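Protein chains in written order, with my numbering: chain D, 1 to 114; chain R, 1001 to 1118.
Calculated directly from the structure, the hints in this document are not laboratory data.
Among the clues, some could well be false.
As the list claims (entries may be wrong) - Quick list of in silico lysine to aspartate or glutamate cross-link-like pairs, DMTMM-like style, CA-CA up to 25 Å: (1) Lys68/D x Glu38/D; (2) Lys1104/R x Asp54/D; (3) Lys70/D x Asp54/D; (4) Lys1071/R x Glu1030/R; (5) Lys1057/R x Asp1026/R; (6) Lys1104/R x Asp26/D; (7) Lys1104/R x Asp58/D; (8) Lys1104/R x Glu1030/R; (9) Lys109/D x Glu1059/R; (10) Lys36/D x Glu1052/R; (11) Lys113/D x Asp58/D; (12) Lys1104/R x Asp1026/R; (13) Lys106/D x Asp1038/R; (14) Lys106/D x Glu1059/R; (15) Lys1009/R x Glu38/D; (16) Lys67/D x Glu14/D.
Said to hold, decoys possible - With the C-beta cut set under 7 Å, the calculated list includes, among others, these residues of chain D facing chain R: (17) Tyr31; (18) Leu45; (19) Gly100; (20) Phe104; (21) Lys106; (22) Gly107; (23) Leu110.
Said to hold, decoys possible - Under 7 Å between C-beta atoms, here's a sample of chain R residues computed to sit facing chain D: (24) Gly1063; (25) Phe1090; (26) Asn1105; (27) Ile1106; (28) Ala1111.
What you are looking at is a predicted structure, and each value in this text was computed from that prediction instead of being measured.
Note that the Cβ used here is the ideal one computed from N, Cα and C, for glycine as well.
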Amino acid sequence: GEDVEQSLFLSVREGDSSVINCTYTDSSSTYLYWYKQEPGAGLQLLTYIFSNMDMKQDQRLTVLLNKKDKHLSLRIADTQTGDSAIYFCAEPMNYGGSQGNLIFGKGTKLSVKP
Amino acid sequence: NAGVTQTPKFRVLKTGQSMTLLCAQDMNHEYMYWYRQDPGMGLRLIHYSVGEGTTAKGEVPDGYNVSRLKKQNFLLGLESAAPSQTSVYFCASSPTRTSGRRTKNIQYFGAGTRLSVL
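Turn these sequences into a full structure, and let the hints guide you.
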């Protein structure tokens, strides 16, 4: 079955760039997602990319997709203390009646030190 | 526009008690989901619904039941709570989509219910 893997922790200094990595399992055409969870809150969609793209940029966020290696990354430029959160990578399931439902990685907790 | 609202926000139960978690969405979304979030386990899908009157099992359905009698509401029930059900529960909703991986499935989440079972 599908599995989405992420490292659990990342610590950076304010002003540095953060890179959060994710590997996914299914190489068929699909959307891939990044969600952000702030402390005590639910998940919010941060950005997404369709698998025919290599890169997507949105202000301080850059998503890079390497389809060959099934590797997705989220880069946050000029990281701020307000970026401290848990970041989840997600891909859709690809089997049976659940096709299209999302599988989430375990989440990467980003800590930003002043 | 409230989005997805979950009640209650916190609850403490004793083993064997029952309770119902309520999720309401005001975005006219067809799809609704219940997840649980546990440390080191990420988000796991409990049950989901693709429309009013329909429900389906997710990855970890045992010990839970759901109902979707109205399009805007999705209820999660625990008939006999166990300590293993101590978790943070999230409800989410998404618009109509065709099944499959080639259509977007952007999910909108509630703020969560923190449940402790003693």
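Earlier hints that do not hold, by number: Violated hints (numbers, rising): 1, 10, 16, 23, 24; every other hint is consistent with the structure.
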